[in-house]
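Chains as they are written, first to last, in numbering that gives the first Met the number 0: chain A, 0 to 270; chain B, 0 to 426; chain C, 0 to 291.
Read the hints as simulated data drawn from the structure, not as lab findings. Some hints could be false.
Part of the chain B face toward chain C, derived, beta carbon under 7 angstroms [stated by the list, open to error]:
no. : residue
1   : D70
2   : K77
3   : R79
4   : E95
5   : S98
6   : A99
7   : G100
8   : Q189
9   : L244
10  : S245
11  : V381
12  : P382
13  : L397
Result set (DSS-like, lysine-lysine): computed pairs, CA atoms no more than 27 angstroms apart in a straight line [as the list claims (entries may be wrong)]:
no. : chain 1 : residue 1 : chain 2 : residue 2
14  : B       : K280      : A       : K41
15  : B       : K284      : A       : K57
16  : B       : K38       : B       : K403
17  : B       : K55       : B       : K169
18  : B       : K55       : A       : K57
19  : B       : K280      : A       : K57
20  : B       : K169      : A       : K57
21  : B       : K280      : B       : K38
Backbone N, C-alpha and C fix where the C-beta goes; we use that ideal spot for every residue, glycine too.
Listed below are the residues making up each chain.
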Amino acid sequence: MKRSVTFALFFVGIALYCLVPFLWFVLTSLKSSAELTAIPPKLIPSFHWGFYQSALEKYGLLHYIVNSVIVAGLATLITIVIGSLAAYAMTRFQLAWTHVYLLILLAISMFPQIATAGPVWSILDRLNWLNTYQGLVAAYIALSLPLAIWILTTFFREVPREIEEAALIDGCSRFQSLYKVILPLAAPGILTAALLVFIYAWNEFFFALIIMTDPTVQTLPVGIALFPGEYTMPWGEIAAASTVATVPLIVLTLIFQRGIVRGLCAGAVKG
Amino acid sequence: MPNAQKFFCLAFSLCLYWPNAWAQNSELRFVTWRAEVPKVWDEAIADFERQNPGIKLVREVGPQSSTQIHDLLTQKLKNRDPRLDVFFMDTIWPAEFASAGWALPLDRYFTAAERDKFLPAPISANQYRGQIFGVPLFIDAGVLYYRKDLLGKFGLAPPRTWPELVEQAKSILAREQGSGLVGFSGQFKQYEGLICNMMEYILSGGGALWDEKRMVSALQEPAALEAVRFVRDRIIGEISHRGVLSYEEPESLALFTQGLAIFHRNWPYAWSIVNDPAHSKIAGKVGITPLPSFSGAKGVAALGGWQLGISRFSAKPDIAWRFVSFMTSEQIQKRIGLATGRAPTRTALYEDAELTGKMPQLRSLLDTFKQAVPRPTTPVYVPLSNIMQRYFSSVLALPNTDIKKRASLAARDMNRLLDLLRERQMP
Amino acid sequence: MKGTDRAAVLFLLPSFIFVGVFSLFPIFESFRMSFYQLILTLPWLGQKMVGWQNYVDLAEDPVAIESLLTTLVFVGVTIPLELLFGLGIALVLNEAFHGRGLLRAVVLIPWAIPTVVSSQMWRFIFNDRYGLINFIFFGGDVSRYLAPLADPHLALIAIMAAEIWKTTPFAALILLAGLQGIPDDLYEAASVDGATAWQKFRHVTSPLLKPALLLALLFRTIDSLRVFDLVFVMTQGGPADTTNVLQFYGYKKTFAEGMVGYGSAIAVAVFLMSLVFSLAYLRFLNPSRQEA
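Assemble the whole structure, with the sequences as input and the hints as a guide.
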């Protein structure tokens, strides 16, 4: 009995800790203009959709979302493909330098993004890829590959060689064995890596800010950061846009949460 | 207009899905910030395109904050991006952009005769080493807003000196207990606006930010130290609250429009907002007056405002100039003024009946505008500003800091930067 | 083996290209630039090779030193707290109970929110007029409301609170994974021996949790040393530079002031700090396992 009570307390405590700040913001987005600036702040809103309407019509929220979906989706897809190829090579081919490559990747991922942003911008400029989807996606691929390769390598390593050897004897090419044998068995790892990359690309701010200056291709974080106008701070619209920005991620995490936990589980213990 | 707008939107979006190469020939790229009243801009641009068939104007929207849009622009300019033609410059950038070789000298387009039609202070802010690099579009200068009703209730006239302002605020606060009122709302966050606010105190007390002739910092001079001490101990300490240390314009204005502040320092744009019942609880109860000073002489207003510049790497400077001259023309400045409340830079417009009818405060502000003081023009303004922001913010935020010591540290850093300029004998 | 080598290179080529062009090259550029004096707004000074001068200046720059201390305080406070809270959450989630799946999903929410959204949200929560924090502490008594983001003593704490909230789920998940890897029979054996919950934790859980803990420590430290979005949105380094973390200072120097050489030196300094922490971690971990 005592255990249940303390347990329940912890449960509620944790839930509140994680939920309340976000819930507050969501409730804010449902207020009317007058309620927003009420001092002291009102806790229960009047479920007014005005800010959402304004965010959609005046601030173009929808197309920011579309841009984010395109950029994050492409980045995730391509990163997983390239990362899988690399992870396969590193776990299946006995190469002395794969160890080094992994460490280099780790080191690269430590470098502050403000320093690399400038040169990356110049490269994209020379390629004529500024303000294009492919430009930002290319930058994100490079930024996510280290993490993706680390995770995928860890998982691919767990797939027993015998299964693959059997496939190779049966006449599969290397590529086919990757596609047909390894991928299904390493699915949790791929799922984890994909979700992490997607979340990273969806949330990334700094590179998006300097690479995408054309409003038609700007992604959601940049879009929200540009909501403040010449002389207003539209908290209501920002709260509304933020809710819309976060809901897809929450849905994704809810759907895949078992996979994620299992993925990080195996990864963390072994890797 | 809806048809024109629809056509414009369609053309605009079609344009972007067309291959780059084709679009580039007829495309003019303009970096701006998100406008509060987009309609007047959309219409102006649509008119420009109508008058100049074959030219498409592509807008790139940067952040609203002056510092952030500055960083965005410099990123493009330092990489000599040829796809940037026209951009907005804050009043403190022309010297920097000119020195770095980013802004195109406009002397051949912007003749002396034409320049005379503009207010003198913004023009000189756009000049560097004898050439002109931007065309002013709006002018801003610090002004004091006050609650007419509250001052009237206690029979007070708008203050002429800062100490008078503090006394008036204190007396009103004492008699309006429990109203949640604050004496003064200004912008004291660690950002560029802080320099504007502080220089208004320092210069009106006879001090300066730095000595432009000798190229040394003036922060450790007694006049400057006194002014800073006054702000810390009397303005923030006695009649304001600590929140102002995190305020930029929007937050400080919100405090005033909520009816919670007696005095408010801001730019002229706030006038239309405080008198708009949809956004303000004190519509009709506000007065506007020049800023006070310390000695009773004229107060000092910081010069602000935005100008249009042309990139030196633009492939089509002539077309870019056509756009710049169109946007700064009398007709467009008047339209923008009527729609947004922004003060124009052409002197003639201050006599315009329609404009002054809608914005009666313009006539009285003209003097203030004519005497507004620009922040010192120098290519290293941004680093100097950062040093000063750091100094002001640390002194204002901590009540017991040694002002003199921090001032001399800041001065030392500023002098090191100013020394870099000495070898070129900067103006 | 040649065939294998060729295939290997082919498989690795795409990642080499991306990483090489968009990561390695920019990093080398930054390293290179840190040895020059380059001030964009003073082009007549040219691009002078100054060797170690930028680093020497950095070591003597009081703002940089303060910035380093701020960053270290930030890392030193947020990491242990995140791990502590994360451990608490992980221990709860490790137990079987009704609604565990739901709680797990709820725990993931702070992590799922974009950083810039989270920063705006916390900025609003700490607002001196409409903020939730003021309401919770002072109710309707507006005159006592604080302005955490304007107070030099509180601003860094506010930023750290926002950071801890956002990253606790990540720590919780990694630690949960570690906990779930500990075999149940160890706990049973301990129970048979009469161990209390605390003793079980000390002697069974802690030692076996070490790898997961150190993994969380590594990733979080690397990210934490480079914190930027939070400061950029919430305080822009102020008030009085009290939230001026190193990466933000580097940003201002490079992008705002055009001092590219100096800014690059700051970036390299941050990188070296991450490297030192990571090497320490790997060294600490190495004796007990083979790691690739």
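The hints, checked one at a time:
no.: 1; hint: D70; result: holds, 4 angstroms
no.: 2; hint: K77; result: holds, 5 angstroms
no.: 3; hint: R79; result: violated, 12 angstroms
no.: 4; hint: E95; result: holds, 5 angstroms
no.: 5; hint: S98; result: holds, 6 angstroms
no.: 6; hint: A99; result: holds, 5 angstroms
no.: 7; hint: G100; result: holds, 6 angstroms
no.: 8; hint: Q189; result: holds, 3 angstroms
no.: 9; hint: L244; result: holds, 4 angstroms
no.: 10; hint: S245; result: holds, 3 angstroms
no.: 11; hint: V381; result: holds, 5 angstroms
no.: 12; hint: P382; result: holds, 4 angstroms
no.: 13; hint: L397; result: holds, 6 angstroms
no.: 14; hint: B:K280 with A:K41; result: holds, 18 angstroms
no.: 15; hint: B:K284 with A:K57; result: violated, 30 angstroms
no.: 16; hint: B:K38 with B:K403; result: violated, 50 angstroms
no.: 17; hint: B:K55 with B:K169; result: violated, 56 angstroms
no.: 18; hint: B:K55 with A:K57; result: holds, 23 angstroms
no.: 19; hint: B:K280 with A:K57; result: holds, 24 angstroms
no.: 20; hint: B:K169 with A:K57; result: violated, 42 angstroms
no.: 21; hint: B:K280 with B:K38; result: holds, 26 angstroms
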